[in-house]
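Take the given structure of chain C and dock chain W to it, following the hints.
If you want the building blocks of each chain, they are given just below.
2 protein chains.
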Amino acid sequence: MNQIDGKSARALLLILSTFTYLLFGAMIFDKLESEDDNRVRDEIERVTERLKNKYNLSERDMHLFEAIAIKSIPQQAGYQWQFAGAFYFATVVITTVGYGHSAPSTLAGKLFCMIFALFGIPMGLVMFQSIGERVNTFIAYSLHKVTPTHLLMVSFTIGLLVIVSGTYMFHTIEKWSIFDAYYFCMITFSTIGFGDLVPLQQTNALQEKPLYVFATILFILVGLAVFSACVNLLVLGFMASNADEVTAANREPPSAIVLERFAR
Amino acid sequence: MNQIDGKSARALLLILSTFTYLLFGAMIFDKLESEDDNRVRDEIERVTERLKNKYNLSERDMHLFEAIAIKSIPQQAGYQWQFAGAFYFATVVITTVGYGHSAPSTLAGKLFCMIFALFGIPMGLVMFQSIGERVNTFIAYSLHKVTPTHLLMVSFTIGLLVIVSGTYMFHTIEKWSIFDAYYFCMITFSTIGFGDLVPLQQTNALQEKPLYVFATILFILVGLAVFSACVNLLVLGFMASNADEVTAANREPPSAIVLERFAR
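Chains as they are written, first to last, in full-length UniProt numbering: chain C, 1 to 264; chain W, 1 to 264.
Please keep in mind that the hints were generated in silico from the structure rather than gathered at the bench.
It is possible that part of the hints are untrue.
[To be verified] In silico DSS-like pairs for lysine-lysine, Cα to Cα no more than 30 angstroms straight-line: (1) C:Lys71 / C:Lys209; (2) W:Lys145 / C:Lys71; (3) C:Lys31 / W:Lys54; (4) W:Lys52 / C:Lys52; (5) C:Lys52 / W:Lys54; (6) W:Lys52 / C:Lys71; (7) W:Lys71 / C:Lys52; (8) W:Lys175 / C:Lys145; (9) W:Lys71 / C:Lys209; (10) C:Lys54 / W:Lys71; (11) W:Lys52 / C:Lys54; (12) W:Lys145 / C:Lys7; (13) C:Lys54 / W:Lys54; (14) C:Lys71 / W:Lys175; (15) W:Lys145 / C:Lys175; (16) C:Lys52 / W:Lys145; (17) C:Lys31 / C:Lys175; (18) C:Lys71 / W:Lys7; (19) C:Lys31 / W:Lys71.
Okay, chain C solo, but in the shape it has when bound:
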């Protein structure tokens, strides 16, 4: 009974902590964004009024034009469903990043998307974990006498290199600010994937820059693999510093990675 109470208390505590964290986040986001939001809101109204009066646009035509403009965003960015665009989309699905820069419009497309994700996401996860484990093993062997801390530092460095090169590449080619390019990398590797910044949507890149298309997709996949490796190591380090041996009864068992290291 004691163990159950402990775990239930832990679950409750986590729920409360997360809820409090969301409240805190909401307050900060409100503080940081509301002012700018109002400024943009006013600007939109001013410009819309000006255009409406200049051309004497009817209400109906204005809404029609707005709807068309919105619909045309993915269109203007390129052929989203031709091969390069479709491959990019498929990548964005199975990694669960889900930018939304393009999304299926047809019922069949949506249906296939769900099925594709159902098998693709686990496949991707297993692949990333497998690559991550190989990368960590390789580093460990290369560095001979290595501690989890060394391993973590090397993985972190590789991760940093991936982020720096990605930031530089997108800053240069997409003409995003360095900060925006970095922010894009973070939002991608966390798999949040807002879609506020999406590569391959300018200058018909999908059709005309195959090398850049390849580099972008590779970047997303490699970055996520490295990220997986780092997370695995962090879990290892955390568990190893907490666990004695594997005492399964009263303790949360360590992760598979920890056991593997103990077993070697």
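Using the frame of chain C, we list chain W on its own:
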């Protein structure tokens, strides 16, 4: 050496499989979506031309109007950064769903978003796993003599109930088709979160329907928790059917959940 070769071979095989899967997916998406895409493309061009000619819009003003229309999407949907909207956004961040219906515009907002995600995502993951474990334990105790298959069936049923109620709720309130509402649930629980369908963006719901706001956020969190429980069970079932006892040397060690069950 043999074990390393085996694991490297496995990693390579997974990479090849995933790549092939992406290729396959790209081909199918191309087949399913390109025709509709071209149809919409033509429609957009026709309507744009018609409006341009009707009002004799200058090229510059047209682009300005398009830019304004696009900028106004989140604005028209409501006050995205006032409390309800900000809380909704914070939820969408730490669950990594990342619809992108709204995203920070300010540098400070983007910076805070990354930091908020850095701590919030692990917190959310741990919370979901904790809840999932409690749910499974509760079911197991309630059903006394229960096998992993029973557990899975019950969890699946609960999951199905969550999806059905969510589908019904969004179909009714957002006026999405039943299929679209269901598709939305799937894209949300997989954390892909395209943002092609996003609740709370119509009829000023964020400000005027607090109960619906609460229900939507609760739905996302509960759904992900149930989803976590199901995934945990699937891993358990898969591992249990593969593993003898915990033979760590030559075998991929089972997951923490499996060990926990063995230990009880």
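Worksheet item: Which hints, by number, does the structure contradict?
Response: Structure breaks hints 2, 3, 8, 15, 16 and 18.
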